[in-house]
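Protein sequences, first through last, are from chains E and X.
For the first sequence, the residue numbers in my numbering are 1 to 141.
For the second sequence, the residue numbers in my numbering are 142 to 447.
To be clear, the hints were calculated from the coordinates, so they are not data collected in a lab.
Predicted, not measured: the structure shown is a model, and the values here were computed from it.
There's no promise every hint is true.
Said to hold, decoys possible - Partial selection, computed: residues in chain E whose CB lies under 8 Å from chain X:
id : residue
1  : Lys-10
2  : Ser-11
3  : Glu-40
4  : Gly-43
5  : Val-47
6  : Asn-63
7  : Pro-78
8  : Val-112
9  : Ser-113
10 : Ala-114
Every residue gets a Cβ at the ideal spot worked out from N, C-alpha and C, and that includes glycine.
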Amino acid sequence: MNLKLKALTKSLWVFHAACSPCNNCDIEILDLLTPRYDVERFGMVLVGSVRHADVLLVTGVPNYKTKERLKKLYAQAPQPCLVIAVGNCACGRIMFKDSYNSPCAVDEIVPVSAYIPGCPPKPEAMISGVVKLINKLQGKK
Amino acid sequence: MKLLFNLFNYLVFPGFLFSAIIGLMAGWLDRKVTARIQWRVGPPWYQNFADIVKLLGKETIVPQGAKSTFLLSPFLGLSSVILVATILGVSLRLPQESFMGDLIVVLYLLIIPAISIIIGASSSRNPLASIGASREMKLVLAYELPFILSIITIIIKSQGIIQIGSIINHQINFGSNLASGSGFLAFIVAIFCMQAKLGFVPFDASEAEQEIMAGTLIEYSGLPLAIFRLTKAILLYTMPLLLIVLFLGKDISPLFIIAKYILILVIIILIKNTNPRLRIDQAIKFFWGPVTLLAIIAVGLALLGK
């Protein structure tokens with residue numbers, strides 16, 4: 001198997017891009033770092049700078065301001081960069097679909113690799129979503 | 142033949158390959174012990190190797206308008222820290238091979254990784270990186286004074302020798318420097334300075350992840366970031382080894398060196414995990430206040446022969 005790809009799947013560094021969320025998804029994401037779930041077992045860590053990121057974790061419905069920021073963040077991240085949309089808002093805007101301040105969904109701005117629905121999704125759901133993403137990268141079913 | 146042997150020393154055995162592997166494993170030990178202290182499981186043993194290989198495969202982004210030193214400075218830091226690892230490794234294996242004044246050379250070479258970080262950060266044109274660079278600069282100014290004083294203590298104790306091999310021989314004949322009063326004080330000072338040199342908590346203000354987003358390393362990605370992480374890893378092997386050579390040189394059989402290395406590593410990890418981050422002004426006050434005082438007392442005791 002490709003060494004580069006294997007190393008990438010073994011050490012995913014996550015940059016958390018909050019596009020005007022209500023903060024519930026963010027709390028659940030931080031739960032992943034706690035002793036109960038501990039995603040550092042799989043080499044995943046939160047990084048401070050987007051230049052170090054392999055995964056852009058997007059939460060919330062983008063509004064006119066955060067839309068531009070998200071576009072910039074994706075351009076600043078080094079390739080290969082994956083995008084994960086966490087929560088119902090990021091997956092498909094749900095009840096904010098017709099809002100005056102909601103120009104488009106996340107996947108209309110950046111290419112999303114994995115959707116994790118839920119309001120907010122449980123940490124188990126997020127881990128399962130990331131495992132599915134890794135399997136997809138490795139070309140497994 | 143001699144050249145080939147030196148090249149082998151620099152690139153393979155006590156030098157690059159060996160020290161990188163030991164340093165990355167030590168970095169894993171650090172992460173694992175940290176995780177266990179926080180009641181987590183922690184990453185698998187190959188985690189740091191996977192990180193480095195992954196970073197080598199990523200895109201390298203050079204920010205618009207960055208100077209050429211942006212890409213050169215990581216190599217500067219890495220090559221100098223490998224040289225320190227080589228000098229220390231060779232003089233541990235063959236104490237007669239070391240040359241006059243190599244302790245001074247090692248002291249100078251150990252500042253270069255910090256300088257390379259400062260150069261790289263200031264040529265990246267990022268405001269947060271410049272804050273990180275200024276903090277790193279202040280930290281270097283803060284810890285160099287007590288560090289050099291503690292090494293002067295060692296030089297006085299071994300009758301003015303500035304050659305690493307002779308310092309080891311002196312300790313083999315007369316007992317390790319740590320066993321005396323002045324040596325013990327100097328060792329405590331050196332531990333604090335090592336913590337700052339490695340950029341670990343409580344002295345990691347220049348790389349504060351939560352505050353200035355990885356500070357000095359903010360614009361680095363791909364290969365240069367991997368080289369900076371390798372430099373940090375090799376420094377994690379080199380600094381404890383320097384302390385072993387200077388303070389604990391009584392018995393230098395491989396098994397004892399490994400035991401002493403793990404002991405110092407555990408001290409570093411425990412300090413790292415039980416302290417909050419100091420502000421940069423607090424760090425300078427700490428180093429120029431109590432730590433320098435301790436180092437001056439150590440020098441005085443050494444002059445009295447204690």
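Residue hint Ser-11 (chain E), partner chain X, criterion CB-CB below 8 Å: holds, 5 Å
Chain X contact restraint on Ser-113 (chain E) - CB to CB distance below 8 Å: violated, 16 Å
Proposed interface contact between Gly-43 (chain E) and chain X, which counts if any beta carbon pair is under 8 Å: OK, holds: Gly-43 (chain E) within 8 Å of chain X, min 5 Å.
Status of the Ala-114 (chain E) interface restraint (C-beta, 8 Å, chain X): violated, 19 Å
Interface hint compliance - Pro-78 (chain E) to chain X, C-beta minimum distance less than 8 Å: holds, 4 Å
Closest C-beta approach of Lys-10 (chain E) to chain X relative to 8 Å, hint status: holds, 4 Å
Hint validity - Val-47 (chain E) Cβ closer than 8 Å to any chain X Cβ: This interface hint holds because 7 Å falls under the 8 Å limit.
Restraint satisfaction for Asn-63 (chain E) [CB to CB of chain X, less than 8 Å]: violated, 23 Å
Hint status (Cβ of Val-112 (chain E) to nearest Cβ of chain X, threshold 8 Å): violated, 20 Å
Glu-40 (chain E) as an interface hint toward chain X, with CB separation required under 8 Å: holds, 5 Å
Hint check: violations occur at hints 6, 8, 9, 10; the rest are consistent with the structure.
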